[in-house]
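Participant: Using the sequences and the hints, build the whole thing.
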Amino acid sequence: WSGRGGVGAAVGPFLGGWLVDGPGWRWVFLLNVPLAVLCVPVALRHVPESRDGREHGRFDVAGAVLGAAALAFFTYALIEAPGGASGEVVGAAVTGVVLGAVFVGVERRRADPMLPPDIFASRQFTAVNLVTLCVYAAFGGFFFLSVLQLQVVVGYSALQAGTALLPTTVLMLLLSARSGELGQRIGPRIPLTVGPLLCAAGMLLMLRVGAGASYVRDILPALLVLGLGMVTLVAPLTATVLASVDTGRAGLASGVNNAAARAAGLIAVAALPLLAGMGPEAYRSAAEFGSTFRRAMPMCAGVLVLGALIAFGTVRKPAPDCRLPESRVHCAVAAPPLESGRAGRAGGAGTS
2 WSGRGGVGAA VGPFLGGWLV DGPGWRWVFL LNVPLAVLCV PVALRHVPES RDGREHGRFD
62 VAGAVLGAAA LAFFTYALIE APGGASGEVV GAAVTGVVLG AVFVGVERRR ADPMLPPDIF
122 ASRQFTAVNL VTLCVYAAFG GFFFLSVLQL QVVVGYSALQ AGTALLPTTV LMLLLSARSG
182 ELGQRIGPRI PLTVGPLLCA AGMLLMLRVG AGASYVRDIL PALLVLGLGM VTLVAPLTAT
242 VLASVDTGRA GLASGVNNAA ARAAGLIAVA ALPLLAGMGP EAYRSAAEFG STFRRAMPMC
302 AGVLVLGALI AFGTVRKPAP DCRLPESRVH CAVAAPPLES GRAGRAGGAG TS
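Numbering of the sequence shown is given in the numbering used here, commencing with residue 2 and proceeding in unit increments.
No lab work stands behind these hints: they were computed from the structure. Don't be surprised by glycine CBs; every beta carbon is placed ideally from N, CA and C. Some hints could be false.
Unchecked claim - Per label pair, the in silico range of CB-to-CB distance: (1) V41 <-> P222: 37 to 45 angstroms; (2) A122 <-> V95: 25 to 33 angstroms; (3) D247 <-> L36: 42 to 50 angstroms.
Facilitator: Written out as structure tokens, the structure reads:
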């Protein structure tokens, strides 16, 4: 499942490039409508239901509005910041921070919060979501800027730039299942440490990509290393998030982790050009865009290294199930009757 999700993310630049060169960029947004129409009935029919008996199912309207508004104001401030610290930019940033603080306060007080604060009592859950923030912030910045680097500096069309990134998709499709099996055997700590480091190495290799770059010599090696890092990382990341909470909260844990990934990518796309000093004119100048790209890639790699350090220092292999096998369980003569369906098996074990 995680591998297919990674494939979907990696194939996005290819599909986006085709849409930009063909029907037009507006279809990048319109395409989501038929996909949603298709996915909703499929999910309702085929996805098994899981419920948390502690929750009563009320929708947290206040939390949803406050969270979305805080993210929107803060992102707007980051996008407009390269034009200068105007009153509009500062006001949007302050509003975003204030709304974020109000959101936290509302979620702490509500009986039915959208984001229950107590879910972060699990150290493993909190740690893996911090890793998720680091990883998907780096991915968001990398894929956004790499596609533009291939177009503005190397001279590719939008479709060619999207196609150039397909090796990561192929690796995810072929190897993610094996990565998940490996994570089950050795635990999540090593994959969540090694994976981000491999991704960081791949992003640093992209520093070789400039005007006149060779795809085979300069671009492909970076994408292969990046793809191997994604394969190592993505499946164990999702599995560890779900394993860190009770089964009844699996849906909530998945939603929080997915929201963290999407928010991280959104903020990275808005913030990275600002941090790298990339003004509006850079998108029209190959020399200027190339220099800012070379400043941005080490930033993405550094965020991945931070994620690897968090994983190495905090993520642990879940404790094994220590229950004894049934063949070793004996019932005392005075014990209460066994549950229906288990008496035959216990009777075979004998009493003493």
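Participant: Each of the hints needs a verdict: does it hold here or not?
Facilitator: For each hint, the structure was consulted:
1. Between V41 and P222 the C-beta distance comes to about 41 angstroms, which sits within the given range of 37 to 45 angstroms.
2. In this structure the supplied range 25 to 33 angstroms holds for A122 paired with V95, their Cβ-Cβ distance being about 31 angstroms.
3. One distance hint, 42 to 50 angstroms for the beta-carbon pair D247 and L36, is violated here, with the actual separation near 31 angstroms.
The structure does not agree with numbered hint 3 stated previously, though it agrees with all others.
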